[in-house]
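Asker: Take a look at the letters that make up each chain.
Protein chains: 2
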Amino acid sequence: MTITTICIIGAGNLGTKIALQAAISGFQVQVYDVDHSRLQRSSTEMNLLIDQLNKSGQKTNVPSVEVMERVYFTFNLAEALQAADVVIESVTEDAGIKSEVWKEIGKLAPAHTIFTTNTSYLLPSQFAEVSGRPEKFCAFHFHDVFHSRVVDIMPHEGTDAKVISILEGLGRKLNQIPILVKKEHSGYIFNTLLIAWIDAAGRLLTGEIAEVEAIDKSWMINFNMSAGPFGILDNVGLDTAWHITSSRRNPSSRAFAALLKAYVDQGKLGAKSGEGFYKYPNPSYKSVDFLK
Amino acid sequence: MTITTICIIGAGNLGTKIALQAAISGFQVQVYDVDHSRLQRSSTEMNLLIDQLNKSGQKTNVPSVEVMERVYFTFNLAEALQAADVVIESVTEDAGIKSEVWKEIGKLAPAHTIFTTNTSYLLPSQFAEVSGRPEKFCAFHFHDVFHSRVVDIMPHEGTDAKVISILEGLGRKLNQIPILVKKEHSGYIFNTLLIAWIDAAGRLLTGEIAEVEAIDKSWMINFNMSAGPFGILDNVGLDTAWHITSSRRNPSSRAFAALLKAYVDQGKLGAKSGEGFYKYPNPSYKSVDFLK
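As they're listed, the protein sequences go chains Z and A.
If you use numbering that gives the first Met the number 0, the first sequence corresponds to residues 0 to 291, in order.
If you use numbering that gives the first Met the number 0, the second sequence corresponds to residues 0 to 291, in order.
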């Protein structure tokens with residue numbers, strides 16, 4: 000199967016980045032969103048990203064005109080799908096909304112089109128049936144596209160093995176490292192490790208075993224990492240962290256969720272709000288004296 | 000309180016490194032071990048370490064003769080302790096042996112001497128009473144001395160606050176970053192985070208969610224770390240990892256402990272035996288192609 004055209008459903012932050020990378024990789028790209036203003040913003044963001052990539056030296060001279068000529072923005076779903084070889088759905092992380100979207104895509108897409116969802120915590124089996132072609136349905140989960148160049152490929156039980164291998168090839172063409180998650184698992188691999196690590200850090204803090212800075216220092220020095228769990232949480236956003244943690248049931252996670260909620264209620268959301276576990280723009284963990 | 004003389008009890012790998020750093024920092028050092036051959040090996044290792052440090056450029060010209068003149072090796076405990084301001088006990092990680100040693104130290108040390116244990120998983124309260132001076136007893140836990148320059152300070156409930164602050168100062172003089180663990184907690188901070196992270200990786204593997212390399216890649220790319228959980232386990236040693244994991248009771252830890260045991264039974268102990276989750280001396284995760 001030759002993939003020529005990729006259809007991105009949902010022109011948010013990650014959808015925009017995936018679409019841009021697809022165009023850079025030489026694919027024809029259809030970007031669909033219900034919201035017309037979001038399509039305009041997506042186009043603007045792509046041009047800014049191209050500038051950033053060219054300036055950073057990460058890419059060698061991305062030809063912006065040539066790349067942008069391969070991207071077509073539309074709020075007509077039938078038009079977006081008509082030539083699609085692969086759909087990458089990247090709409091709001093809401094099972095109801097995703098189900099509705101997949102019902103529509105299933106009706107309108109050509110018979111050969113492969114269906115993928117970029118969900119972070121939901122499972123492909125939740126949408127495989129409603130899409131009408133479970134054997135062509137798989138999770139294809141991008142992290143950041145340009146910085147963390149990972150794409151998780153996570154089939155559900157009914158996914159055709161051929162689809163997995165096509166997506167592995169496509170992931171590489173999109174300049175990502177494909178990671179196979181053999182069975183459905185909420186959070187894939189990275190978030191599973193990340194949450195376990197952050198939960199442990201939360202237990203140390205809420206159990207009054209150690210302070211934020213002591214916990215971060217311990218990890219940073221031993222593994223030569225530029226941040227510890229609380230520095231990472233500030234970057235994830237404490238609202239997002241609270242949202243994830245509050246769904247967990249064990250007592251220590253609940254204690255940590257309550258602590259995160261207190262920060263969120265005070266408007267302390269992490270780096271984006273100017274304060275979280277650290278104060279921004281110059282958090283102490285980034286200071287040269289922190290590990291002295 | 001001025002600290003002039005430090006007594007190291009147990010001349011193993013870590014005891015030797017702590018003693019050497021103490022001598023480099025200008026302290027008089029008494030190194031005690033019951034085993035005379037271990038004292039000789041310790042002395043040889045110190046000279047090798049000085050050479051390595053000078054070659055690595057990590058230290059600026061450690062004067063080996065001058066440093067080694069400050070280290071005195073003895074298998075006479077009374078002699079080792081007679082001028083000690085601080086004792087750093089670094090004997091085998093066995094509660095029975097440590098208790099016996101602390102009973103002896105308590106009888107022989109001067110009244111002002113501060114007592115510290117370098118235990119990794121036991122708690123200072125297990126030895127505080129038997130030492131005869133619980134208020135002067137604290138855990139003082141070194142990681143690697145020269146590479147991971149962290150020292151955990153973990154008091155038990157009866158430790159005098161003055162002792163904590165003296166040990167914080169001493170930790171800095173020993174070129175370490177002191178990390179305060181406010182309450183007793185087995186595994187301190189780093190091992191608590193490490194074990195939670197490795198447990199999660201073990202669950203992904205034994206649950207057949209993903210393969211070793213996929214799990215390591217996910218972490219390495221997202222956090223720009225030079226190893227993932229299984230690469231780290233190979234360096235810790237699968238025998239040590241099995242020893243720690245097998246004491247845990249939840250079903251997923253038990254499944255992972257059983258897997259580790261199978262590796263250990265086959266002689267696959269990790270980097271030190273030539274094979275663990277990866278093959279050595281050139282494990283795939285260190286190859287330039289691994290993250291491509």
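You may find that some hints are simply not true.
Which copy is meant is left open, so a pair is good if it fits within one copy or across any two.
Simulated crosslink set (DSS-like; lysine-lysine; CA at most 25 Å straight-line) [to be verified]:
{"id": "1", "residue 1": "K260", "residue 2": "K271"}
{"id": "2", "residue 1": "K182", "residue 2": "K267"}
{"id": "3", "residue 1": "K54", "residue 2": "K106"}
{"id": "4", "residue 1": "K102", "residue 2": "K291"}
{"id": "5", "residue 1": "K172", "residue 2": "K106"}
{"id": "6", "residue 1": "K285", "residue 2": "K102"}
{"id": "7", "residue 1": "K278", "residue 2": "K181"}
{"id": "8", "residue 1": "K172", "residue 2": "K102"}
{"id": "9", "residue 1": "K271", "residue 2": "K291"}
{"id": "10", "residue 1": "K260", "residue 2": "K278"}
{"id": "11", "residue 1": "K291", "residue 2": "K260"}
{"id": "12", "residue 1": "K278", "residue 2": "K161"}
{"id": "13", "residue 1": "K271", "residue 2": "K182"}
{"id": "14", "residue 1": "K172", "residue 2": "K182"}
{"id": "15", "residue 1": "K260", "residue 2": "K161"}
{"id": "16", "residue 1": "K278", "residue 2": "K102"}
{"id": "17", "residue 1": "K181", "residue 2": "K106"}
{"id": "18", "residue 1": "K106", "residue 2": "K260"}
In case anyone wonders, no lab produced these hints; they're calculated from the structure.
Since the structure is predicted, the reported quantities are computational estimates derived from the model, not experimental observations.
Asker: Taking the hints in turn, state whether each one holds.
Answerer: How the hints compare with the structure:
Taking the shortest alpha-carbon separations for K260 and K271, only the intra-copy value of 16 Å comes in at or below 25 Å, while the best inter-copy value is 46 Å. In this assembly of identical chains, K182 and K267 lie within 25 Å of each other by CA distance neither inside one copy nor across copies; the values are 37 Å within and 27 Å between. Proximity of K54 and K106 under a CA criterion of 25 Å is satisfied in neither setting, with 42 Å inside one chain copy and 69 Å between copies. For the identical chains of this complex, K102 and K291 are neighbours neither inside a copy (57 Å) nor across copies (36 Å), given an alpha-carbon limit of 25 Å.
When the C-alpha separation of K172 and K106 is checked against a cutoff of 25 Å, the pair qualifies neither within a copy, at 28 Å, nor between copies, at 71 Å. Taking CA atoms no more than 25 Å apart as the test, K285 paired with K102 passes in neither setting, with 47 Å inside one copy and 45 Å between copies. Only between protomers do K278 and K181 lie at most 25 Å apart by alpha-carbon distance; the minimum there is 23 Å, versus 40 Å within a single protomer. In this assembly of identical chains, the alpha carbons of K172 and K102 never lie at most 25 Å apart, being 28 Å within a copy and 67 Å across copies at closest.
For the homomeric pair K271 and K291, neither the shortest alpha-carbon distance inside one copy (27 Å) nor that between copies (31 Å) is at most 25 Å. Taking the closest pair of Cα atoms, K260 and K278 come within 25 Å of each other only inside a single copy of the chain (18 Å); across copies the shortest separation is 45 Å, beyond that limit. Taking identical chains as interchangeable, the C-alpha atoms of K291 and K260 are never at most 25 Å apart, the minima being 32 Å within one chain and 39 Å between chains. In this homomeric assembly, K278 and K161 never come within 25 Å of each other (Cα to Cα): the closest approach is 49 Å inside a single copy and 31 Å across copies.
In this homomeric assembly, K271 and K182 never come within 25 Å of each other (Cα to Cα): the closest approach is 34 Å inside a single copy and 33 Å across copies. When the C-alpha separation of K172 and K182 is checked against a cutoff of 25 Å, the pair qualifies only within one copy, where the shortest distance is 24 Å, while the shortest distance between copies is 51 Å. Taking the closest pair of Cα atoms, K260 and K161 never come within 25 Å of each other, the shortest separation being 44 Å inside a single copy and 36 Å across copies. Proximity of K278 to K102 under the C-alpha cut-off of 25 Å is found in neither arrangement, the shortest distances being 45 Å within a copy and 48 Å between copies.
Taking identical chains as interchangeable, the C-alpha atoms of K181 and K106 are never at most 25 Å apart, the minima being 28 Å within one chain and 60 Å between chains. In this homomeric assembly, K106 and K260 never come within 25 Å of each other (Cα to Cα): the closest approach is 42 Å inside a single copy and 52 Å across copies.
Checked against the numbered hints above, the structure breaks hints 2, 3, 4, 5, 6, 8, 9, 11, 12, 13, 15, 16, 17 and 18 and satisfies the rest.
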